[in-house]
Structure formats: structure tokens, C-alpha cells
Amino acid sequence: MGLSNNIQNITGTVTVQIEGFFTERFINLCRINNIKIWDIRTIVKGVVRFKMAIGDFKKLRTIARKTKCSVKIKKKEGLYFTLFKYRKRKMIVVLVAMAIFFTIAFSTFIWNINIEGNSTIPKDEVIRQLRNSGLFVGKCKIGLDKKEIINNLRVNMQEISWVGIEIDGTLATVKIVEKTKLDEKDIQNTKIGDIVAKKDGVITRIVPEDGTAMLNENSYVQKGNVVIQGTMFSKILEPFDVSAKGIVKADCSYNFEKDYLYNKTEKRYTNKTKYTVGITINNKENMLNYLNKDKKYDISKRAKKFKLFGQEISFDWYKCVEYEDVKISKTKEELLSESEKDIDEYLNNEILPNTENGVLVNKEVEQIDIDGGFKIKVIYTVNEEIGEFVERNESVVNEQVAN
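Each residue of the sequence shown is one higher than the one before, starting from 1 at the first, in our numbering.
If you're looking for bench data, these hints aren't it; they were derived computationally from the structure.
Hints may contain errors.
[Unchecked claim] Dumping the calculated EDC-like pairs for lysine to aspartate or glutamate here, alpha-carbon to alpha-carbon at most 20 Å:
1) K258 to E340
2) K341 to E366
3) K139 to E159
4) K139 to D168
5) K198 to D168
6) K319 to D294
7) K141 to D168
8) K245 to E356
9) K146 to E178
10) K377 to D259
11) K76 to D56
12) K66 to D124
13) K258 to D316
14) K223 to E385
15) K305 to D316
When you get a sec, could you build the whole thing from the sequences and use the hints?
Have a look at this one:
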């Protein structure tokens with residue numbers, strides 16, 4: 001069945017039954033006169049049923065007289081008959097009209113924005129700049145000037161070289177192409193600058209390739225101090241500026257501290273989860289709360305935000321995971337084993353991944369007794385590269401030289 005027949009089914013169709021000796025001629029005359037019929041079935045000899053559009057039913061009178069067949073309507077379907085049935089119920093008609101109106105009205109607004117092509121620029125930043133340029137969730141599509149939005153976005157975001165906007169229904173897809181950026185080494189080669197310390201520590205190795213070392217090994221350096229100055233000195237020539245290069249390694253310290261109690265209360269989840277919804281209007285949160293007041297829940301929320309008539313609205317979905325407070329008792333041996341695991345995890349997950357070629361050179365562990373347990377303090381010493389190229393700042397260099 002084609003699309004036109006589907007539309008006819010929605011607007012109104014009837015199931016027709018014909019009886020007579022010339023039912024085949026009746027069907028042929030319908031087709032000759034371009035009367036669309038479908039689902040033709042023979043019930044018994046001389047009785048045939050089929051479906052047709054309500055608008056073509058009156059055309060059957062002439063054919064029925066020619067073939068001497070009786071015509072009966074067996075079934076009525078479609079929106080036309082439903083509305084006719086409830087024609088006296090004005091409230092239903094009003095509600096249907098309102099539903100149609102709001103469906104059409106809301107379809108003229110943009111309710112979702114998809115960003116494509118951004119690899120280094122945060123999505124939130126693009127969304128913010130799009131809002132400043134005139135494209136945001138809740139924006140009406142009628143009269144939307146995509147060319148003006150694109151021009152404003154490129155002016156506000158210099159790191160974008162090309163922008164394209166496609167609107168499909170209520171979805172706006174923004175495709176961007178970022179400008180090619182020089183990597184750190186290329187930037188360093190094109191600018192005059194110094195190598196500065198990005199962390200505090202005791203220098204263990206300093207090897208200037210271009211520039212002059214400002215500190216010696218075993219010297220303590222603070223974050224931001226110049227360690228290799230981008231200036232070359234000579235007994236014959238006048239000092240001249242260069243792009244500082246070199247290796248700077250230092251021993252840096254990191255601290256870990258945690259209390260371990262023999263008796264404490266922990267959460268034990270009951271594998272019972274409830275879901276609910278809510279709405280937030282101008283930061284005023286309203287949640288449909290049917291949770292048991294005698295139970296405890298971990299509640300997480302997801303929200304879909306948009307602006308409507310100047311008000312910030314979000315539809316919220318809540319996930320409520322039930323738990324119970326359980327008292328746990330552990331021995332000192334168990335807590336010591338737990339602390340050793342925490343010490344290693346902190347080193348491998350929090351310290352080393354955030355260093356450049358970092359290697360642990362020392363670890364000092366201190367145990368302090370406290371009420372109901374003990375405290376663990378750890379000082380890690382990690383040898384790592386701390387040099388960072390910074391474009392020349394004369395005030396910093398002069399202050400360093402003076403010191």
C-alpha cells in the first residue's frame with residue numbers, strides 16, 4: 001500500500017461489501033473509473049469485500065446500478081469518523097486543536113544543537129559562543145540568518161577557520177574546522193623565551209642546549225623561576241637573545257595523608273533502584289518525590305536544559321539507588337594492608353601519570369596513632385622533568401638576574 005493509501009486510512013476509509021451476480025464486473029468498473037480499492041477478498045460466491053477511501057464511496061452508485069449489485073458499509077475507520085463521533089464534545093475538539101497547534105509551534109524552534117569537528121575546542125565553549133552569535137536551544141527557526149551567525153562565530157573564535165550550519169527539523173548541526181596549530185616545539189623555535197620551572201623541587205640535572213643556566217645542580221627552585229635564560233653571553237660578542245632549550249630535572253615532593261579507623265560506617269547498596277522525574281525553572285528544582293522516607297538513597301540527576309520565553313527550564317531525570325548504613329570493624333593488620341594498597345594506588349594513579357618521565361626515588365611513611373585508629377602520612381620524592389618554555393618576560397628575567 002502506497003503513501004497515498006496510508007493518508008486515506010488516516011483521514012477516513014470504509015470496508016465495503018457488495019453482493020450480486022456480477023461482482024467481477026463491479027471491480028473492473030471501479031478500476032476503469034479510477035476508483036482506488038484494496039484488500040479485495042471473496043467471502044462466498046457472489047459476496048466480495050474491499051476497502052476504499054470515504055471520498056470515493058458516492059461514485060459506487062452508478063456502478064451498482066449497472067451491475068445490479070447491492071452495496072453495504074461493513075466498517076468505518078480513520079480520523080474523520082473519530083472526530084465525527086466526538087463532534088458534540090467540544091473539550092476534546094479543543095484539546096486536539098491545541099495539541100496540533102503546539103506540535104506545529106514547537107517544531108519551529110531548535111531544541112538540540114550538535115557540534116561536529118571540534119577536537120581541541122571544548123563543546124561548551126562553542127555552545128556559549130553560538131548563543132552570543134544568535135543560535136541557542138529554544139531559538140525560533142523562522143527568520144534565522146545562518147550567514148550572520150557563522151560570521152559572528154568566526155569573529156568571536158579565532159581558532160576556527162570554517163563553520164557550516166545545517167538545520168533538520170528541531171536539530172541544528174554545527175560543523176567546524178579548526179585552524180592548524182603549531183606544536184610546542186614549533187612555537188618554541190619561532191619565539192624568544194626562557195625555560196622556567198613548572199614545579200617546586202631540588203634540581204638534579206640541568207643541561208642548557210640554547211641559553212644560559214641560571215641555577216646549579218642541588219639548588220632549590222620554585223615554580224615560575226627561570227632555570228635556563230634565553231640569552232647567550234660571550235666574551236667577544238654582545239649578549240643576544242635565543243629560544244631557550246634544554247633539560248631540567250628535579251626531585252619533587254608529593255604528600256599523601258589518610259585516617260584509618262577500626263570502626264566506621266559504610267554504605268551497603270541493596271540493589272534497589274527507583275527512578276523519578278522533575279522540572280527546574282530558573283534554578284528552582286521540583287522533583288516528583290515518592291521515595292520511602294525511612295530509607296536512604298544516592299541520587300544522581302540528568303537534565304535537558306533549554307530557554308523558553310526568557311526562562312531557563314530543564315527536564316530532570318533522577319536515579320535513586322537505595323543503601324543502608326552498615327558498621328564495619330577491622331583489625332590493625334587489615335587496615336595496614338589497606339593503607340599499603342592506597343599508598344601504591346596514589347603513586348601510580350595520581351602522581352606518576354601527572355609527571356613528565358617521573359621516577360620514584362624515595363618514599364617516607366609515617367604512622368601516627370589517633371583516637372579510634374591511626375593516621376598514615378607519606379612523602380613521595382619523584383625525579384622528573386620540570387622545564388617549561390615560556391615566551392620572554394623581561395621583568396621576570398631582570399628580577400631573576402638581580403637575585
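We went through each hint and held it up to the structure:
1. Straight-line distance between C-alpha atoms of K258 and E340 comes to about 11 Å, which keeps the hinted pair within the 20 Å bound.
2. For the given pair, K341 sits about 15 Å from E366 by alpha-carbon distance, which is consistent with the 20 Å threshold.
3. Straight-line distance between C-alpha atoms of K139 and E159 comes to about 25 Å, which puts the hinted pair past the 20 Å bound.
4. For the hint linking K139 to D168, the alpha-carbon distance of about 14 Å falls within 20 Å, and the restraint holds.
5. A C-alpha spacing of about 48 Å is found between K198 and D168, which places the hinted pair above 20 Å, so the restraint is violated.
6. A threshold of 20 Å between alpha carbons decides the hint, and for K319 with D294 the separation of about 18 Å falls inside it, so the pair holds.
7. Distance restraint check for K141 and D168: the Cα-Cα separation of roughly 10 Å lies within the 20 Å cut-off, and the hinted pair is therefore satisfied.
8. Simply put, K245 and E356 have alpha-carbon atoms about 16 Å apart, close enough for the 20 Å limit, and the pair holds.
9. The straight-line distance between the Cα atoms of K146 and E178 is roughly 19 Å, inside the 20 Å bound, and the hint therefore holds.
10. Annotation: proposed proximity of K377 to D259 holds, straight-line Cα distance about 9 Å (limit 20 Å).
11. For a cut-off of 20 Å, the pair hint linking K76 to D56 stands: about 14 Å separates their Cα positions.
12. Straight-line distance between C-alpha atoms of K66 and D124 comes to about 73 Å, which puts the hinted pair past the 20 Å bound.
13. Distance hint between K258 and D316 is unfulfilled; the C-alpha atoms sit about 36 Å from each other, more than 20 Å.
14. The suggested pairing of K223 with E385 holds, with an alpha-carbon distance near 13 Å, which does not exceed 20 Å.
15. This hinted pair checks out: K305 and D316 have alpha carbons roughly 9 Å apart, not beyond 20 Å.
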